[in-house]
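**Q** Make the full structure from the sequences, and use the hints.
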Amino acid sequence: MARGEIKSPAALMAVALALVATMHLAASSSASSTSCLRAAFTAGPPVFLSIYPRTRQIMRTLDDECNGPYCRRRHGAQNSLSAIRQIDSEIDDAANAIATNSAPTLPNNIDFHMREARYSDLGQVADLTTDAFFFSSTNTGVNPITRTIRYLLELDRLQNNFPYNAPSINNNENDDRHFYLVATPADDDSKIIGFCDIDGRTPKAKEKDGLGMLGVGLPAKKKPTMATVQRPCPYFSDLVVHPSYRRRGIASNLASEAECRANKNWKYDELYLCIRLDDELVLRMYSDRGYVFVDPSNMSQDMMDFLAVQEGKTLMRLSFG
Numbered sequence: 483m484a485r486g487e488i489k490s491p492a493a494l495m496a497v498a499l500a501l502v503a504t505m506h507l508a509a510s511s512s513a514s515s516t517s518c519l520r521a522a523f524t525a526g527p528p529v530f531l532s533i534y535p536r537t538r539q540i541m542r543t544l545d546d547e548c549n550g551p552y553c554r555r556r557h558g559a560q561n562s563l564s565a566i567r568q569i570d571s572e573i574d575d576a577a578n579a580i581a582t583n584s585a586p587t588l589p590n591n592i593d594f595h596m597r598e599a600r601y602s603d604l605g606q607v608a609d610l611t612t613d614a615f616f617f618s619s620t621n622t623g624v625n626p627i628t629r630t631i632r633y634l635l636e637l638d639r640l641q642n643n644f645p646y647n648a649p650s651i652n653n654n655e656n657d658d659r660h661f662y663l664v665a666t667p668a669d670d671d672s673k674i675i676g677f678c679d680i681d682g683r684t685p686k687a688k689e690k691d692g693l694g695m696l697g698v699g700l701p702a703k704k705k706p707t708m709a710t711v712q713r714p715c716p717y718f719s720d721l722v723v724h725p726s727y728r729r730r731g732i733a734s735n736l737a738s739e740a741e742c743r744a745n746k747n748w749k750y751d752e753l754y755l756c757i758r759l760d761d762e763l764v765l766r767m768y769s770d771r772g773y774v775f776v777d778p779s780n781m782s783q784d785m786m787d788f789l790a791v792q793e794g795k796t797l798m799r800l801s802f803g
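To convert, note that position 31 of the sequence shown is 513 in my numbering; the numbers rise steadily by one, no gaps.
Do not take every clue at face value.
What the hints assert, rightly or not - Computed list of lysine to any residue pairs in SDA-like fashion (alpha-carbon distance at most 20 angstroms, straight line):
(1) K673 with Y727
(2) K705 with K795
(3) K749 with M798
(4) K749 with G772
(5) K795 with D777
(6) K673 with F644
(7) K795 with F616
(8) K746 with R597
(9) K795 with M767
(10) K746 with Y727
(11) K795 with L759
(12) K795 with C756
(13) K795 with T612
(14) K673 with T684
(15) K673 with D603
(16) K749 with E739
(17) K795 with M785
(18) K795 with I757
(19) K673 with R597
(20) K795 with L763
(21) K749 with K705
(22) K749 with S801
(23) K746 with S734
(24) K795 with P778
(25) K749 with L763
(26) K795 with N780
(27) K705 with L789
(28) K795 with V764
(29) K705 with M786
(30) K795 with K749
What the hints assert, rightly or not - With beta-carbon atoms standing in for the labels, derived distance ranges:
(31) N642 with D784: 16 to 26 angstroms
(32) V764 with S801: 31 to 41 angstroms
(33) S769 with G605: 32 to 42 angstroms
(34) K705 with K746: 30 to 40 angstroms
(35) I631 with E739: 25 to 35 angstroms
(36) T707 with A668: 40 to 50 angstroms
(37) N625 with K746: 40 to 50 angstroms
(38) A668 with I631: 33 to 43 angstroms
(39) N642 with G803: 12 to 22 angstroms
(40) K705 with S734: 37 to 47 angstroms
For the record, the hints were derived by calculation from the structure and aren't laboratory data.
A virtual CB, placed ideally from N, CA and C, is assigned to each residue, including glycine.
**A** Here is the structure:
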């Protein structure tokens, strides 16, 4: 299947229903317009969330119009305004329900194993990276629409960068050295509780694939952007563990596997990663593993370009003995 292709039936359904509901809502300013929204709302959270921003905008417009003389004459202000406000209340209730997600209580000792990610795992992986890197687990006021948009962007990024040429997929040991690694409970191979990305491809190999950092074509040399910079090689990123499974050695084991592949399998002398300076816990973890900050005076131009687009981050390196 081609890269960048939309593969989720749920996403296609959400887009289709969003367009239908929006057209119906825009075509009418009466209380009957709300039936279109209600139908989309009852189709499920993915559909409801996909039309949320446009829906709220239309409802506010209708609310204003229903206080005017035209709406009072043609539709009756009380009925129309009441219906709009009822739907508005239902949407707020649904948004709050979706945003509330209590973590299960788990035993301290969890048996888990690691494997290379499958394409079908990426939805769960996007959930993990979205919550870990963009939303605090303690923030109960997360806007579900903002979260959904970020999730879709993460899923698109993961799909575009998926290591289609991994040896385990094509049985070719000479294929590009790039892997998504996941951790799963020992008794449930389909449940993703941890993830990391280890990329050992050289810039030349990436150019052969026609890929930049985000899986898009490389243009001529211009001002560095996220789509054009080259990551240091090899590069370790996106280490994340589900909140309910943390402090059980999963992150440490994923990191060890990534480091082993870079050093033992691919014969690299060092491994790079980017980290936020204000993330003290993560900084301590990597420091304990032997990672040190890269001196800017020793950075190549590619490294400097890469760091220039990493807001609030710095580069660290692990040297293998």
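**Q** So, for every hint listed, does it hold in this structure?
**A** So, going through the hints one by one against the coordinates:
no.: 1; hint: K673 with Y727; result: 12 angstroms, holds
no.: 2; hint: K705 with K795; result: 19 angstroms, holds
no.: 3; hint: K749 with M798; result: 19 angstroms, holds
no.: 4; hint: K749 with G772; result: 18 angstroms, holds
no.: 5; hint: K795 with D777; result: 14 angstroms, holds
no.: 6; hint: K673 with F644; result: 18 angstroms, holds
no.: 7; hint: K795 with F616; result: 14 angstroms, holds
no.: 8; hint: K746 with R597; result: 17 angstroms, holds
no.: 9; hint: K795 with M767; result: 16 angstroms, holds
no.: 10; hint: K746 with Y727; result: 28 angstroms, violated
no.: 11; hint: K795 with L759; result: 6 angstroms, holds
no.: 12; hint: K795 with C756; result: 6 angstroms, holds
no.: 13; hint: K795 with T612; result: 18 angstroms, holds
no.: 14; hint: K673 with T684; result: 32 angstroms, violated
no.: 15; hint: K673 with D603; result: 8 angstroms, holds
no.: 16; hint: K749 with E739; result: 14 angstroms, holds
no.: 17; hint: K795 with M785; result: 13 angstroms, holds
no.: 18; hint: K795 with I757; result: 5 angstroms, holds
no.: 19; hint: K673 with R597; result: 12 angstroms, holds
no.: 20; hint: K795 with L763; result: 15 angstroms, holds
no.: 21; hint: K749 with K705; result: 32 angstroms, violated
no.: 22; hint: K749 with S801; result: 12 angstroms, holds
no.: 23; hint: K746 with S734; result: 17 angstroms, holds
no.: 24; hint: K795 with P778; result: 13 angstroms, holds
no.: 25; hint: K749 with L763; result: 29 angstroms, violated
no.: 26; hint: K795 with N780; result: 17 angstroms, holds
no.: 27; hint: K705 with L789; result: 13 angstroms, holds
no.: 28; hint: K795 with V764; result: 12 angstroms, holds
no.: 29; hint: K705 with M786; result: 12 angstroms, holds
no.: 30; hint: K795 with K749; result: 27 angstroms, violated
no.: 31; hint: N642 with D784: 16 to 26 angstroms; result: 21 angstroms, holds
no.: 32; hint: V764 with S801: 31 to 41 angstroms; result: 19 angstroms, violated
no.: 33; hint: S769 with G605: 32 to 42 angstroms; result: 33 angstroms, holds
no.: 34; hint: K705 with K746: 30 to 40 angstroms; result: 38 angstroms, holds
no.: 35; hint: I631 with E739: 25 to 35 angstroms; result: 32 angstroms, holds
no.: 36; hint: T707 with A668: 40 to 50 angstroms; result: 42 angstroms, holds
no.: 37; hint: N625 with K746: 40 to 50 angstroms; result: 44 angstroms, holds
no.: 38; hint: A668 with I631: 33 to 43 angstroms; result: 35 angstroms, holds
no.: 39; hint: N642 with G803: 12 to 22 angstroms; result: 35 angstroms, violated
no.: 40; hint: K705 with S734: 37 to 47 angstroms; result: 38 angstroms, holds
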